[in-house]
Amino acid sequence: MDQVEKRGLPLHVLMLIGFAVGLTGGLIVNATIGGDHYWVQQVTQNVTGPIGQIFLRLLFMLVLPLLFSALVVGVAEMGDLKVLGRAGIKSLLFTVLVSTIAVVIGLVMVNLFRPGAGVDPTVAAQLLEQGKAGAASIVENAKSGTSGTNFFVELIPSNVFKAAADNDILPVMVFALLFGVGVVMVRNSATDHMLKSLEGLFEVMMKLIGLVIKLAPYAIACLMFNLSALFGLDLLVRLAAFVGVAVGAMAIHMFVVYPLLVWTMGGMSPIKFFSSIREAMVVSFSTASSNASLPVSLRVAEQELGLPRKIARFVLTVGATANQNGTALFEGVTVLFLAQFFGVDLTLTQQFVVMLICILGGVGTAGVPGGSLPVVAMILGIVGVPVEGIGLILGVDRFLDMCRTTLNVTGDLVVATVVSRGEEDTGYDEGDVRPSVG
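The sequence shown maps to residues 18 to 455 in the numbering used here.
In short, the hints are calculated from the structure, not lab data. Be aware that one or more of the hints could be misleading.
Claimed, not checked - Label pairs and their in silico Cβ distance ranges: (1) V203 - S286: 41 to 47 angstroms; (2) N176 - S286: 51 to 57 angstroms; (3) I173 - K224: 28 to 34 angstroms; (4) M202 - Q58: 55 to 61 angstroms; (5) A182 - S286: 49 to 55 angstroms.
All values derive from a computational prediction rather than experimental measurement. Beta carbons are placed, not taken as given, at the ideal position from N, Cα and C, and that holds for glycine.
All chains should be modelled from the sequences, with the hints used to inform the complete structure.
Below, the structure written as structure tokens:
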């Protein structure tokens, strides 16, 4: 693989190669000697298994500081609420609404079509036990007995450092949101310096995640070998069903929810809207990066949609990191699919926890290719699903990443359109200060 990488092949191609190598090798083993053969067990337990676990542990190591810094900085950028007033409040509330709708659509689709169900329970239980053993040392399983008002009480950490040490991610995310709100309320030179430090932490985490993701081709090959050696051809059927459900949920959100919101709340024809933003959609699909699509989104918002300059800049710059509803949808679908695949029966409370983390994680997910993978890995560990299962979706993640990024960027423009309604006469001009990008 080193020789291939030196030729300059993109990382997603290398990941696809690793996926194909691991899948093919595992299928051959499954069809010829079976996954329970002595030497196969030795290889999966002592070679391919540890390599995959190292990759997953690296993701877990980085995800908490990444989410905390991204959430605080993302909320702190709402300091522009002091300038934009009701426009900023509308942006925040509408972003939460759209992300919630996206996650609900994804969860309903997975529960309705159950793409991961039907796997041999014996084989699934075998890998489930292996996965729990690996995940238990990384994250604690979600509390299964919490319900009703106790659930909301436990969202508030009595000791945020203990919650972080226990990898109780949801209370930590709530604290990060409150911390960001506090920064907005205080906002002075001292907090500005602190925000610079958190932005630096975020950039360091992003750099490290970029380095870790470069190991993905090798980790994918190992993880897929383990999975396909156990599940055989049934793996391909489930994977195709997963892609179908994920893309179907994204299509519903894109072509049903977005047009309704643009028409009813934005006061614009959906046909005009989509024809005006087609360039931004193409760029986002091809780059799989919300950040890379931001310049094009700003241009089409101002020149094609005719939105007020300051409103468009505020909503789109913050939305590039804080309005990732396509990513939130993908994370929810992926977690429930893998839970079904491994026979983990998630209660309604646990699914609600997944939904909340996906919504909040959409704010803390980096707007770069593969930025959602650490969050997915963390959620899997929280709800007791084998984190090794992430290898199932890594091989097809590039295509799904392109789809969900298109949904993210389109969602940013939907929010900008809705927020701009009634804000045309605010008197913004060329000299207004442009909001900073976190």
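Hints and how they fare:
1. The beta-carbon spacing between V203 and S286, approximately 43 angstroms, falls within the hinted interval of 41 to 47 angstroms.
2. Distance hint check for N176 and S286: the Cβ-Cβ separation is about 52 angstroms, which falls inside the suggested range of 51 to 57 angstroms.
3. For the pair I173 and K224, the beta carbons lie near 32 angstroms from each other, so the given range of 28 to 34 angstroms is met.
4. Taken as a hint, the range 55 to 61 angstroms holds for the pair M202 and Q58, whose Cβ atoms sit roughly 57 angstroms apart.
5. The hint said 49 to 55 angstroms for the Cβ distance between A182 and S286, and at roughly 52 angstroms that hint holds.
Of the numbered hints listed earlier, not one is contradicted by the structure.
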